[in-house]
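**Q** Chains as they are written, first to last, in the working numbering: chain A, 1 to 284; chain B, 1 to 605; chain C, 1 to 351.
Calculated directly from the structure, the hints in this document are not laboratory data. Where hints are given, some of them may not hold.
Stated by the list, open to error - Below, computed lysine-lysine pairings styled on DSSO-like, alpha-carbon distance capped at 30 angstroms:
#, chain 1, residue 1, chain 2, residue 2
1, B, K263, B, K248
2, C, K185, B, K265
3, C, K116, B, K215
4, A, K20, C, K151
5, B, K300, C, K185
6, B, K424, A, K79
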Amino acid sequence: MMNLKKNEFLYFALRNNKLKIGLAVLFFFILLTFIGPLLTEYAPMDYIGPASAAPSSEFWFGTTTFGQDVFTQFVHGLKASFLVGIVGGGLGTLLAILVGFIAGYRGGMVDEILNMLTNIVLVIPTLAVLLIIVAYLEVRGLFIESVFIGCTAWPWAARAIRAQTFSLRTRDFVDLARLSGMRSLKVIFTEIAPNMMSYLLLVFILQFGGAILVAATLDFIGLGPTNAISLGLMMNNAVLWGALLLGIWWWFIPPGLAITAIVGALYITDVGLDEVFNPKLREM
Amino acid sequence: MNKRLPLWITLIMILSLILAGCAGPTPTPQTVVQTVEVPKEVTVVETKEVVVTQEVLVTPEPGAEVYERSETLYTGGTQWGPPTGFNPWNLGNYAMGTFGLCYEPLFIYDPLTDEFTPWLAESGAWTSDNVYQVKLRQGVTWSTGEPFTAADVKYTYDAAQEAPVSISPVWDFLGSVEQLDDTTVNFVFDEPLYQRWSYYLYSAPVVSKSRWETKSVEEITSGLNEDPECTGPYVAETLDQTKVVWLKRDGWWATEALGLDPKPKRIVDIVNSGNNNVALGMVLQGQFDLNNNFLPGISKLVEGGYGVQTYYLGSPYHLSANTAWLLLNLTKKPMDDPAFRRAVAFAIDTEQIVNVVYGGMVLPANPTGLLPTWEKYIDQAVVDEVGFSYDPEEAKQILAGAGYKDADGDGFVEAPDGSKIELKINNPAGWTDWMEANRVIVSGLQAVGISAQTNFPDFPEYLSQRNEGTFDMMINNDAQIANTPFRYYLWMAQNPIEDIATIQDGNYGRYDNPEAFDLVDQLDMVPTDDYEGMMAILSQLQRIFLTDMPLIPLWYNGMWSQTNNTYWTNWPSSADGAPHWTPVSWRGYWNMTAIRMLTDLEPAQ
Amino acid sequence: MEDWKIGSQTSVLPFFQLGGPVKAYFRRKLLIYILTFFVAVTIDWMIPRFMPGNPVDVLMARAGMFAEGAELMHDYYTNVFGLDLPVWRQYLNFWNALLHGDLGTSVYVFPLPVTKVIMRAVPFDIFLLLPSILLSWLAGNWFGAFAARSKRLDNTILPLGYILTATPYMWLAMLLAWALGIVLKIFPMSGGYSYAMTPTFSWAFIGSLLEHWFLPFVSLFLVGFGGWAIGMRNMIIYELESDYSHYLEALGAPRRLVRRYAFNNAILPQLTGLALQLGVIVAGALVTEVVFSYPGIGYLILQAINTRDYFLLQGCFLFIILMVLLANFIIDIAYVLVDPRTRTGMQGEAI
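The whole structure should be built from the sequences, with the hints applied where relevant.
**A** And the structure:
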């Protein structure tokens, strides 16, 4: 039975264009992240070429005002984006699952308190708080940035998971488990979670994309990591050094394009997966 | 459709409710009176809303006041936040031009020729060892119509004794200010600090007694002074979040006395947007006539046919305004070791900072750090003997000679006592040119085996690390161009060290050398026209600083100035026949010779 | 906006003549809102004070000309901002002043009061955010509903929606500024209105406002539009595939009718989504304002952080918190009005 179901997913997955396109784009960028650094002999911050040179066979994406290779910065920046996506998105999802499950399953007072917590995080302008917390850190690294993004990204997902848990909790098999004396946590993880696996995967993908966008925003304002390169930081530098006005378009187009492509691909993958998991949504 | 109706109504309610709270730009009073018509269909809604719409739907006037471009001078690069009033004592926030265009000093100082020009004063001289007598000009009037007299000068200094303002410390050595007649004032000193006093002559604005004597201490120190009285050529017309507008006034004293007449009818100074792009764009599009932001890629601009020019035609493009140093925290190991500090000095590739980071927009600093305008005070013999230059091999030798060795084989040296060295070099986040320069410094240090890292705290944190002495090394450029190198050494050799956090008066590296401090105090007592007397002390100071190396001069930051010939011409420039004035609108520069730049401008055809 | 109270809201309710349980429902909601407000504002008060660095240093650094005067000024400023008091005292003073409508003195624009600084920026925010949020929500939902299950639209234009919603706010803003502002020179790329004008109530000034408003508006609108269109399209498909839709279709109900039911059901989660997304949109507005130097609250926040302006920062946060709460409250009301189930059972959770 389980096997059949898996094959069925695979069958629909292979036939789903959205999923295919999304995954192809993602795969391309992941590949670039790993292969890219091998294609370039430079370090991202080194001054290696002529100042603000246009893309050429030698410098594929051109150079910055200081003669740094934009392609090298780009591929290193990709790595940073994926890292933030995995850590920030992952943490955001974990927190959402924790809060969502507990609030949805326990209900009552616990639910009220967690709900209030969610509301507060929702109401406080999170980006602004992030700005402050990030500014507070003496050394700002990618990892810490990701952790903070994860810590503020969970509310919407927690709420969605809570609603799902709420509806599952009244189902017969959950009641049965509860009546048989299982502890709450065990019920959550053995009975409820498996039934929401596909949903949680979708949530994670959205969190992944969201974390990349928030990181880019932070970096752009100049509050990103200070000891690494990232796509947002590239855009930040481009703006600060007048790339828009001096016509150095190769400095700010690639990083933004990559973020858009990656996040867009994640979203499309998300919808594609949704269609695969949910028979009703499949294209007829 | 029915079901959606409430939703739509709600949304419209949201809109009107929020509009109710903040009804767009506030209408000027007269326009409100002008129209009372309320559109009919709105009256259907409940009365509360109608009141709101009344305000919103007033018919606007047909024309707006737009400044005539050919009569207006647009400047920018001075104000980092919205201007708040015209109080010349509210130093960081007063509107650009408050001191210089409106309030004026007794003298103006020209750093390029090292000359004082009498301004509100007609002359000034030491009449005895401790009395400085100022003769004021006759025929100077305030914009209020009142005459400017010696009483105003006396009041200005007396008020600084009551209220804490920037010139208050003058009372540490000033005994009294005596008004002899309407145009003569005697400054009687307890202790004649000639060097220090010379700075006040051109850096202190004079305010009107009758206007200010009724103000409270708080109003004097930090009041808005919304309607300033001016002796200068301009009066304040208006200010808002994004700019301040100055309007030329009739009857400026210098028109008659010196034949000077500024041509722009209005000067509009635009607040920096925190984003150089905006300034750069406005320069390229000819919206700025004078811009004093640091704009990268200036060579492209000058050579790109945008009609933009700088003071010099080629590199370094700009005059030098201050020295950027690497400050070392002498209270921490290993920066407390002069040998280590010297090794750091030899390890930094200043040429790369100048040429790659700045693209030739700045000059490398003399090892003494003295600005080009102070060149005559540099003792070249001392520099030749104990100066430094970029030489990584020399740096390595100094390190090895002082016992710094790589004991654990990680590629970086350890201190002679075996402890690890891991240093951070601070500069404020977002100061992009310094951030790049910092990277060059770090790679230079790493190349000679010193483990260092860039560190970019945001500006306030940079300040608190600086003030509390918790940094390792930092880039800083606090000591600005001034009339005498005494200011420079005063900054570097500040006493007492324990109060730096509140006094914030330089020497953030906590350099403690009584001998140097004493020399600076001696220098203070040397009259400014006694070149030999000054040099005798200055060369000793240069030797001490070059052997001790409490800080490392790196490059000279520029007097960034981009000018555009589209609407105004005859800008200051190094070219023959062009006026040689300080081409910046920054605070503290109008009272150098920027005001003369204004009077030499010509409208373009 | 600080005089926003429930009082101004109650006038809305009789308009729709709602009954008793509604009142109880809103009373409970209101209590939650007040609690949330209190905690949020307290956090908002605390955070800037835990940041390293302090406003006095910044003011001094900015003024730094006559260095010898520094000690006097240091004491003076410390006293002006009340930073010499114990922290608990500062906190009490803060609430006390807040209840009197006083938010303190700004450091960034010393010595103006914070309320004045904020009120200068607020019109620009309303002007920018309200239309971009509402229009993108309405247009996005309409378009998404339209595109759902329409093969051609779904495959051609919806990918565009994905791209838009995945675009970083500032990148879209940069592209627009570059293409329309710098290359084509159609729109100004910075400021809230022309520097050559003083704010007056005139056509020319309004024209200038609109001209400067256009690019920030478009970039906020486009990103939002993409998101809502995708969301609506997915919701509609869920609804169309649900049992009741199939049932209706089986009964021979016209397709249009089925779609309308689907739309009416789908709009509710979208409304909730709006409430949830407000924070993100405000953040997006912040970077957009930075790119275009648009003089709104977002721009102020960044400046306040850079000058450690505790008071301005608090004020800006307070404003955002109030606005988000207010918007949530309005969405709550809308929810009750649109969804009959919430009206009878009062079980709905809009916020």
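**Q** Sort out whether K185/C lies within 30 angstroms of K300/B, counting only the CA atoms.
**A** Answer holds: K300/B to K185/C is near 20 angstroms, not above 30 angstroms.
**Q** Would the pair K263/B and K248/B pass a check requiring their Cα atoms to be no farther apart than 30 angstroms?
**A** Cα-Cα ~9 angstroms, so holds.
**Q** Just to be careful, I want the Cα atoms of K424/B and K79/A compared with a cutoff of 30 angstroms; is the pair within it?
**A** OK: K424/B and K79/A at ~26 angstroms, within 30 angstroms.
**Q** Between K116/C and K215/B, does the CA-CA distance stay at or below 30 angstroms?
**A** Roughly 23 angstroms separates the two Cα atoms, so the pair holds.
**Q** Quickly compare the C-alpha distance for K20/A and K151/C to 30 angstroms and report which way the hint goes.
**A** Measuring from Cα to Cα gives roughly 18 angstroms; hence the hint holds.
**Q** Just to be careful, I want the Cα atoms of K185/C and K265/B compared with a cutoff of 30 angstroms; is the pair within it?
**A** It holds: about 28 angstroms lies between the C-alpha atoms, which stays within 30 angstroms.
No hint from the list above goes unmet by this structure.
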